[in-house]
Amino acid sequence: MKNRTKLPNIYLGVVMAVLYLPIVLVVIYSFNESKISSVWGGFSLKWYETLFKDRAMFEALGNSLVLALCSSLGAAIIGTLGAYGFTRVKLRSKSVVEYISMLPIMIPEIILGMVFMTFFSLIGLPFGMTTLILAHTTFCVPYVYMLVKARLVGMDKSLGEAARDLGASEARVFFDITLPLLVPAILSGMLLSFAMSLDDVIISIFVTGVNVNTLPIKVYTQIKTGVTPEINALCTLMLGVTILLVVLSNVLGKIGKPKAGKHHKQTGELCGPGQTQ
Amino acid sequence: MKKIIALALSAVLALGTLAGCSSAPASGSTAASGSTAASGAAAEAGELNLYTWEGMFPQEVLDAFTAETGIKVNYSSFDTDETMLAKLETAKGGDYDVVIADDYIIETAIAEGLVMELDKEKIPNFGNINPLYQGQFFDPENAYTVPYGSGVQTIVYNPDLVDIEIDSYADLWDASLESSVGITSNFRVMNGMALKMAGESYNTDDVAAIEAAGAKLLELAPNVRLIKDDNLQDDMISGEISAGVMYTSQVTLACMANPDLKVVYPSEGIGFGIMAQFIPVNAPHPDAAHAFIDYILRPEVSKQCFEYIGYYCTNQAADELISEEFRPFLTLPEGFTADNMEMIQNVSAEAMEAHTKVWTEFRTACGQ
Amino acid sequence: MKTPSVPLKKKKRSSVWVTLIPLYLFTLLFVAGPLVYMFVLSFQTRAEVWGVVNQFTLDNYKNILQPVYLNTFVESFKLAITSTLLICAIGYPFGYFMAKLSPAWKKRVMLLLMIPFWTSSLIRLYGWIIIFRANGTLDKLLMGLGLTDSPLKLLYTYPAVVVGMVYALLQFMILAVYSSAEKMDWSLVEAARDLGATPLKAFLTVTLKLTLPGLLSGVILTFIPSMGLFFIADILGGNKVVLVGSLIQDQLMKAHNWPFAAALSVVLMILTSLMISLYKRITHTTELEGIL
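Chains as they are written, first to last, in this note's numbering: chain A, 1 to 277; chain B, 1 to 368; chain C, 1 to 292.
Everything labelled a hint here was simulated from the structure, so no lab data went into it. Careful: at least some of the hints might be erroneous.
Claimed, not checked - Heads up, simulated DSS-like pairs for lysine-lysine below, C-alpha to C-alpha not over 27 Å straight-line:
1. C:Lys254 <-> A:Lys224
2. A:Lys6 <-> C:Lys183
3. A:Lys6 <-> C:Lys100
4. A:Lys53 <-> A:Lys35
5. C:Lys183 <-> A:Lys157
6. A:Lys90 <-> C:Lys254
7. B:Lys357 <-> C:Lys254
Since the structure is predicted, the reported quantities are computational estimates derived from the model, not experimental observations.
Could you put together the complete structure from these sequences and hints?
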């Protein structure tokens with residue numbers, strides 16, 4: 001830290017610029033009048049117009065949102081309960097089941113897609129939203145599980161024990177004491193699951209069914225079959241919403257600081273992504 | 001696994017910035033409750049599940065059909081015939097109402113019992129079909145299918161970027177075309193090109209011949225810039241490739257955009273194909289499917305479709321409606337009849353395995 | 001102090017196992033089940049028309065040994081190694097420098113790294129098509145600067161695929177390294193310097209050693225997915241680079257050879273697991289750095 005040379009900062013800036021370059025170009029070309037992206041045909045909003053008229057695109061967006069919500073919700077329930085259960089019950093099968101349930105984020109996605117497609121076809125489950133949700137939940141569970149587990153490990157157990165000693169039922173201990181403390185971890189796990197589900201192409205391609213196009217699948221076919229700058233317009237909007245959310249959450253976070261301060265302290269240890277053990 | 005670290009990213013977002021405000025995720029949970037019901041094969045009248053390549057119908061035609069009949073069209077798309085067949089197999093011939101795919105795959109689908117026999121009573125416009133495109137190998141009795149466009153494999157090149165005169169497949173091997181040829185990703189078409197050059201049939205079962213063709217194809221690898229089924233014409237128009245083996249629809253689009261492009265019907269022989277509509281055997285809405293097929297066979301609707309997709313018009317009642325600028329592209333060139341062209345048909349499992357292997361080898365060679 | 005409550009706890013704990021039911025059921029049904037089926041499938045025979053015949057065979061594995069398919073594994077590894085090395089070279093310094101930023105800037109850089117995750121990764125890749133295509137952004141720039149006089153034709157080339165891979169996976173490396181470097185005890189570096197080590201030596205003996213788990217974790221997090229990301233080779237490489245991922249997809253969707261696809265998947269999965277256990281062996285941890 002004594003080294004106050006500017007070189008590292010320049011490096012960070014340059015890499016960041018390269019990371020954002022394609023995104024900026026996509027945004028710029030969303031305002032391009034011409035259909036071919038190598039030609040600049042002047043400023044135009046016509047692709048936004050096309051986008052808003054494109055029913056299929058919005059259906060795909062809707063499907064993706066529903067899918068992401070269901071799978072992150074499912075993962076939240078399964079992952080939270082599972083992580084909680086494992087801290088309270090000692091089972092010999094724990095390590096095996098834990099290992100297997102973590103596999104979906106450890107193996108290449110193509111394998112998951114492959115096994116789900118063959119497996120669902122084996123058990124005769126019709127391809128569609130159900131299969132999508134099942135498949136996505138599978139790879140969302142590990143995210144919630146790991147975050148909740150990390151939170152549970154760092155948590156003060158005496159509160160729950162005290163409550164139990166005072167005669168509170170297991171369910172009450174869980175809902176009144178443990179769960180509220182886990183909320184930040186669950187939410188971040190869900191948020192992450194949501195993002196992963198929203199962006200998944202590979203697994204979705206294999207398990208999707210009739211008239212269930214998710215946004216990434218739609219984008220993939222569009223890119224392969226000739227993109228119209230409509231896609232650029234959509235990306236620009238998504239980016240806008242993301243930035244808006246980030247700004248909004250920052251602003252809200254500042255307003256609610258006195259209230260949120262306690263949470264911040266508790267979650268502080270989790271903030272750094274590198275908290276292992 | 002791919003995005004594990006994103007975990008960290010989102011954790012930071014959630015914990016660092018959203019810790020104080022739980023509103024964003026909470027608002028979502030209400031919407032989630034009833035949505036599981038949205039799964040696949042809900043058999044309700046007033047719907048039609050259309051399954052074909054992306055961009056096979058102008059939106060106006062689909063909208064007009066819905067406006068007239070009240071049947072909502074759900075358009076889903078596949079990238080290759082094989083994907084379609086795989087999906088149809090896993091759905092056991094259900095889920096979809098109208099499928100449009102290539103001839104040879106329809107033959108397989110029919111053989112597998114995945115296709116429903118058409119009820120021609122419900123298709124009064126059946127007579128509009130040009131008989132030239134009927135009675136082919138995949139449906140000799142015309143019991144299962146209604147053709148929706150036809151095309152031949154053509155070479156297109158940009159004379160501004162190519163120094164030689166191309167008039168055969170063999171010319172694509174010319175060293176001057178290094179890294180500038182675009183080809184389709186249908187391996188039967190591409191391996192077939194090499195087979196044709198050796199005077200073989202597209203449909204030979206002779207593994208040795210296929211392997212010999214594969215060896216010939218390997219020599220083409222340095223010239224290949226791009227392997228792509230859809231939208232090859234855009235790369236032609238933008239100058240990314242200077243010559244390409246294309247389907248009729250792509251030729252139409254490319255030539256409409258750049259009239260200077262040259263179209264070549266390779267001297268080694270012409271490959272010919274038909275796309276057709278069929279109804280899967282367990283289609284959830286067979287009546288809607290028949291109504292749709294009949295609607296598409298109306299001459300004025302057909303005209304709209306063909307001018308949109310750019311394939312040879314298979315509806316003879318629509319021929320005269322086709323506008324002047326499209327006419328040269330939408331009718332079979334003179335002298336071409338179904339007899340002197342060859343269609344790609346199914347081959348034995350051994351031949352197919354040889355094709356797949358040859359193709360994988362070729363693609364890998366192209367990438368180096 | 002805790003001893004008296006033990007018998008009480010034991011009695012009450014009996015109902016907690018209920019919370020494990022969803023995880024057990026789900027894991028067994030939808031993770032273990034499909035994976036076991038994949039394993040079984042890889043020993044079955046493909047049917048003449050379609051589907052699978054329940055007949056034991058080793059042919060699918062023998063098939064992988066054919067030069068064409070073996071070559072695919074080799075090519076995938078080559079591409080994965082090239083991409084991973086580049087990602088290390090770019091991502092390690094980034095994560096390292098990032099860890100040295102002030103807390104406020106750390107948060108800002110983290111946010112900037114994160115925002116792209118909320119846009120479609122495909123669309124971000126599409127941005128590279130705009131850059132690479134003939135007479136695209138890069139060509140115009142280079143020609144404008146007078147460095148080249150004709151389009152470079154970078155799109156649909158091997159380098160374009162590598163760029164796409166690096167771009168899609170770089171953030172994982174950055175974060176893995178960052179998480180390692182962030183919790184590093186910088187006083188150790190200073191101690192080494194005080195004892196007379198040159199900056200380079202201090203870096204090699206202290207910093208690199210302490211951030212090695214992060215670096216290795218980053219390697220795994222980029223190497224393994226890069227073998228399956230077939231759509232990058234598809235979109236940026238003009239379909240010419242055949243990865244194990246695209247081979248599996250082709251066998252599944254085009255050639256209809258499910259058993260062969262399963263066998264390929266099993267082999268790929270074994271290779272993946274080997275890498276992860278190697279990582280655990282080297283770093284003596286059970287979880288990947290940067291996951292939590």
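Original post:
Any of the earlier hints contradicted here, and which numbers?
Top reply: 6
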